[in-house]
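Numbering (our numbering), first residue to last: 1 to 146.
To be clear, the hints were calculated from the coordinates, so they are not data collected in a lab. Please note: incorrect hints may appear among the correct ones.
Claimed, not checked - Below, a list of computed lysine to any residue pairs in the SDA-like style, where the Cα atoms sit at most 20 Å apart: (1) Lys110 / Phe99; (2) Lys40 / Leu112; (3) Lys110 / Phe29; (4) Lys110 / Pro52; (5) Lys146 / Phe136.
Just so you know, these numbers come straight off a predicted model, no measurement behind them.
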Amino acid sequence: MSIIYKFLFPAKPDGTAMSLLIVALRILFGILLMSHGVQKWANYDVMSGSFPDPLGIGSQLSLILAIFGEMICSIAFIFGFLYRLAMLPMIFTMCIAFFVVHGSDPFAVKELAFIYLAVFVLLYIAGPGKFSLDHFIAQAIASRKK
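Work the whole structure out from these sequences, hints included.
Take a look at the structure:
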């Protein structure tokens, strides 16, 4: 069986091929989402007064939470550090964007939030894979117990 076939159709969900796919998706979607957070952070002064406040906590705090979910959590997501915990704000942010902020907009407007949401939910279920800080930390802890 060729290496390309094994990569495209992994037999084990926790195998090396699947872990490589997961790390590639973590890097790709983490950087993509992080770019939105960086943009918000760079324009914080302009956006803080007019940022949507769907939770009723104020525009400034809503913007801070969006930056946290899109930038800080994306970094942890890319490295696979506190993977599922980091993904919760990312998923929550995309739920708010898709269902609340753009809820009445046409699908074409909220499509990007939906794509992020779908990918993040699937990656949450899949786990961080073997090439993540969480996996390396778990291995180190397990080897100390022996």
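Next on the checklist: Name the hints, by number, that the structure is in violation of.
Outcome noted: Structure breaks no hint.
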